[in-house]
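Trainee: Sequence:
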Amino acid sequence: MLTLKDTVEIGAEPQVIEDWLRNIDLHYREWHPDHIKWVNLDGILDEGKTFYYEEYLGSRILKSKCRITRLQRNGEIVIAFKGLAIHERILGLGGSFVIAPRDESCLVTATISLRFGWLITRLFKGMVEAIQTHMREEGENLKRILES
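Residue numbers are given in numbering that gives the first Met the number 0: position 31 of the sequence shown equals residue 30, and the series is strictly consecutive.
None of these hints come from the bench; they were simulated from the model.
Be a bit skeptical, because a hint or two may be false.
[Claimed, not checked] Straight-line alpha carbon distances no greater than 25 Å define the calculated DMTMM-like cross-link-like pairs of lysine to aspartate or glutamate that follow:
hint : residue 1 : residue 2
1    : 124       : 103
2    : 81        : 5
3    : 62        : 29
This one's a predicted model, so the numbers in the text were calculated from it and none came from an experiment.
Given the sequences, and given the hints that come with them, work out the whole structure.
Mentor: Next up, the structure:
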């Protein structure tokens, strides 16, 4: 299993961050210049709902349909998802956002997991680095957007 994580501290209330993420269709392209398209397929994002997105990762366009598998609020806020396409299910593509409150801010951790990460690193050279860079930039951009 390959798990990639990025954590950023954001000076905003947990509910503000959750609302922004759950309404991502309204500002997906603003979030990162490599974002192309986001469509909530079942209305506002919630547990069991599906979404579709397209974005550049390096020179490749990633297109994915995912389902929210968990939306939990008990101290931390957790929004977890998994890929639905056959190749994504085989690879075990999944991820999450965890919003952990701190004094006047929150730690937001984005995670992407792949069951056969070693295979991805061999077949698609540079893809893991592109994902890590993209995740770091998303964290920096989310901080800038929500703190302005």
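Trainee: Does each hint fit the structure? Answer for all of them.
Mentor: Status of each hint after checking the structure:
Note on residue 124 and residue 103: the hinted pairing is violated, with a Cα-Cα distance of about 40 Å set against a maximum of 25 Å. Under the criterion of a C-alpha separation no larger than 25 Å, the hint pairing residue 81 with residue 5 is consistent with the structure, at around 18 Å. Annotation: proposed proximity of residue 62 to residue 29 holds, straight-line Cα distance about 18 Å (limit 25 Å).
Going through the hint list in order, the structure does not satisfy hint 1, though it satisfies all others.
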